[in-house]
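Asks: These protein sequence lines are chains A and B, in that order. The numbers in full-length UniProt numbering rise by one with no breaks, and the one at position 93 of the first sequence is 93. The numbers in full-length UniProt numbering rise by one with no breaks, and the one at position 214 of the second sequence is 214.
The hints are simulated quantities; they were obtained by calculation from the structure and are not laboratory data. No experiment lies behind these values; they were computed from the predicted model shown. A couple of the hints might just be wrong.
[Claimed, not checked] One side of the interface only, derived from the structure: several residues of chain A facing chain B at Cβ under 7 Å:
{"hint": "1", "residue": "G60"}
{"hint": "2", "residue": "S64"}
{"hint": "3", "residue": "I69"}
{"hint": "4", "residue": "S73"}
{"hint": "5", "residue": "N74"}
{"hint": "6", "residue": "I75"}
{"hint": "7", "residue": "A82"}
{"hint": "8", "residue": "K85"}
{"hint": "9", "residue": "I90"}
{"hint": "10", "residue": "S91"}
{"hint": "11", "residue": "R92"}
[Unchecked claim] Dumping the calculated BS3-like pairs for lysine-lysine here, alpha-carbon to alpha-carbon at most 25 Å:
{"hint": "12", "chain 1": "B", "residue 1": "K28", "chain 2": "B", "residue 2": "K72"}
{"hint": "13", "chain 1": "B", "residue 1": "K235", "chain 2": "A", "residue 2": "K95"}
{"hint": "14", "chain 1": "B", "residue 1": "K2", "chain 2": "B", "residue 2": "K161"}
{"hint": "15", "chain 1": "B", "residue 1": "K103", "chain 2": "B", "residue 2": "K125"}
{"hint": "16", "chain 1": "A", "residue 1": "K11", "chain 2": "A", "residue 2": "K42"}
{"hint": "17", "chain 1": "B", "residue 1": "K161", "chain 2": "A", "residue 2": "K85"}
{"hint": "18", "chain 1": "B", "residue 1": "K67", "chain 2": "B", "residue 2": "K91"}
{"hint": "19", "chain 1": "B", "residue 1": "K2", "chain 2": "B", "residue 2": "K67"}
{"hint": "20", "chain 1": "B", "residue 1": "K354", "chain 2": "A", "residue 2": "K85"}
Note that beta-carbon positions come from the ideal geometry of N, C-alpha and C, so glycine has one too.
Take a look at the letters that make up each chain.
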Amino acid sequence: MSISITVNETKDIATITIVGSFDFSLFNEFRAAYSDLERCYKTYVVDMSMVEYLDSAALGMLLSMRNGIEEESNIQLTGANAFIKNILMISRFDKRFDIQ
Amino acid sequence: MKLLCVDSEPVYREIISLCAEKEGVTVKAVASYQEAIIAFESYAPDIVTLDVIMKGGSGYALVQKLKTLSGKRFVPMIFLASHTTDSVMDKCFKAGADDFIPKPFNEMLLNIRLKTHMRHVELMKEMYRKNKALTYYQAMIEREHEMAHHVLDHIQNRSDKNSEQVAITRLSAASFNGDLALIKTRLDGARLVFVGDFTGHGLPASIGALPVMQTFFDAVDEVVCVNELAVRINKILFSILPDYMFCAGYLLLMTQEGGITYWGGGMPNAYIRRANGGFDYLQSSHMPLGILSMNDFEADLQSNQLNSGDTLIIVSDGVLELKNCHNEMLGDDQVKALISCIYADASLIAAQQKIELKLAEYQGESEQLDDITLVALRSSYLQ
Numbered sequence: 001m002s003i004s005i006t007v008n009e010t011k012d013i014a015t016i017t018i019v020g021s022f023d024f025s026l027f028n029e030f031r032a033a034y035s036d037l038e039r040c041y042k043t044y045v046v047d048m049s050m051v052e053y054l055d056s057a058a059l060g061m062l063l064s065m066r067n068g069i070e071e072e073s074n075i076q077l078t079g080a081n082a083f084i085k086n087i088l089m090i091s092r093f094d095k096r097f098d099i100q
Numbered sequence: 001m002k003l004l005c006v007d008s009e010p011v012y013r014e015i016i017s018l019c020a021e022k023e024g025v026t027v028k029a030v031a032s033y034q035e036a037i038i039a040f041e042s043y044a045p046d047i048v049t050l051d052v053i054m055k056g057g058s059g060y061a062l063v064q065k066l067k068t069l070s071g072k073r074f075v076p077m078i079f080l081a082s083h084t085t086d087s088v089m090d091k092c093f094k095a096g097a098d099d100f101i102p103k104p105f106n107e108m109l110l111n112i113r114l115k116t117h118m119r120h121v122e123l124m125k126e127m128y129r130k131n132k133a134l135t136y137y138q139a140m141i142e143r144e145h146e147m148a149h150h151v152l153d154h155i156q157n158r159s160d161k162n163s164e165q166v167a168i169t170r171l172s173a174a175s176f177n178g179d180l181a182l183i184k185t186r187l188d189g190a191r192l193v194f195v196g197d198f199t200g201h202g203l204p205a206s207i208g209a210l211p212v213m214q215t216f217f218d219a220v221d222e223v224v225c226v227n228e229l230a231v232r233i234n235k236i237l238f239s240i241l242p243d244y245m246f247c248a249g250y251l252l253l254m255t256q257e258g259g260i261t262y263w264g265g266g267m268p269n270a271y272i273r274r275a276n277g278g279f280d281y282l283q284s285s286h287m288p289l290g291i292l293s294m295n296d297f298e299a300d301l302q303s304n305q306l307n308s309g310d311t312l313i314i315v316s317d318g319v320l321e322l323k324n325c326h327n328e329m330l331g332d333d334q335v336k337a338l339i340s341c342i343y344a345d346a347s348l349i350a351a352q353q354k355i356e357l358k359l360a361e362y363q364g365e366s367e368q369l370d371d372i373t374l375v376a377l378r379s380s381y382l383q
């Protein structure tokens, strides 16, 4: 599995961890990761510390996630390497996501 | 399921018929070579059982004949024979038999073998059906792609042709290009430029090009300003694209005097190679087109200036992320080095050909993973 999900009920956090290449092949799996949760969380963390490559399709998937969950919920993109962080910043994802 | 039983002995015809009918198979039983051939054509059985010796010919010849007659259809042929030496069996299989059961046979054994062969027949039929369906869909998709190509190619034809002021290079990763490069000179002599990169590549990525093209050429005719055009393109893409698709791009207007005003979203830095070999950049400061609603969209512009001998080069990320055979990306530094050297050429067309060659050299035998666009501009006024 290149996507795994863990929840912390007390802190109200759902963490989606992605391993390897974050691209269109994960489209359905990534969508299921946040939409199959039983409830909505205050904070979502997309852990990219083990992502080697990210393409524009993945950016689209993140935007789709932003649309798919409650507006009040915060999405943190964590652990991105320099290459990925650069892609996120070129597309000004800091306007919609909390990039750490 | 239909079985053709060829046996000269009435008792065997009866036993085989009974066994097969118990499995729900319809049976036609014949006694001779000639009858078998006629029945095979009129009855079109799914399975055949036969003996080695029969009236009017041999079992070997019959199997060969029936296999020819069945053509592409798979019809298992099972020998039920009293002659059971190795050489007989060998001849049966060489003639095309699919199975061999010695007589007298155990009823249970025949049933099991029949069932196995029936399962094979079903599998083969299923495979043929699927194969036919796939062939049909493939032909349909090819036709649709051909039509889409026709429409999309038309877009690029409306753009200004390559000249000493404008040079466009586009190389697609799939059969469709998700990158878009439109350049058109307005009536007032200013040049409007759009270089865009849709999410992903292939047909889905290139479809968004249609409405963008329409909006772009309307703006050329109406002499709409760049920020208004950015608003219009964003609006149309926001309303038609699914939420996981967008278009990174530069929208740019260059006056005859070389003055540049531009809007950039989600694109890598564009390079201005100054006449003295130094570099300046256009930067994307916005989210790509098609993401933000009308209320959130920001259309503020930036500006720069092309002086005599300067070249503006806009590349899509496909250029920066082009990989060589060692899986290494070309990257910003190498792109800059190439531009610095190649665009020193006084001829823009010659420089463009050189850079295309260099990119192809770098890529070598490795697969192109993303669409590539490289647009170079010089100011006409200054030459």
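Asks: Using the nearest Cβ pair, does A/S73 come within less than 7 Å of chain B?
Replies: violated (16 Å)
Asks: Does A/K42 sit within 25 Å of A/K11, going by the straight-line distance between their CA atoms?
Replies: holds (9 Å)
Asks: Next pair to validate is B/K67 with B/K91; report whether the Cα-Cα distance is within 25 Å.
Replies: holds (15 Å)
Asks: Under 7 Å is the threshold here; is the Cβ of A/I75 close enough to any Cβ of chain B for the hint to stand?
Replies: Violated: closest Cβ of chain B sits about 14 Å from A/I75, beyond 7 Å.
Asks: May I ask you to test the interface hint for A/I69 with respect to chain B, counting a Cβ-Cβ separation under 7 Å as satisfied?
Replies: At about 12 Å, which exceeds the 7 Å cut-off, the nearest Cβ of chain B leaves the hint on A/I69 violated.
Asks: Are the Cα positions of B/K28 and B/K72 separated by 25 Å at most?
Replies: Between B/K28 and B/K72 the Cα gap is close to 22 Å, so the pair holds against 25 Å.
Asks: Identify whether the interface hint at A/I90 stands, where standing means a beta carbon of chain B within less than 7 Å of its own.
Replies: The hint holds - A/I90 has a Cβ within 7 Å of chain B, the shortest such distance being about 6 Å.
Asks: Within a Cα-Cα threshold of 25 Å, do B/K2 and B/K161 meet the stated pairing?
Replies: Violated, at roughly 67 Å.
Asks: Does the closest beta carbon of chain B sit nearer than 7 Å to the beta carbon of A/A82?
Replies: violated (12 Å)
Asks: Using Cβ atoms only, decide whether A/G60 comes closer than 7 Å to chain B, and label the hint accordingly.
Replies: holds (4 Å)
Asks: When the nearest CB of chain B is found for A/S91, is that gap smaller than 7 Å?
Replies: holds (4 Å)
Asks: Would you settle whether the hint for A/N74 is holds or violated, based on the nearest Cβ-Cβ distance to chain B being less than 7 Å?
Replies: Nearest chain B Cβ about 18 Å off; hint violated.
Consistency note: the structure conflicts with the earlier hints numbered 3, 4, 5, 6, 7, 8, 14, 15, 17 and 20.
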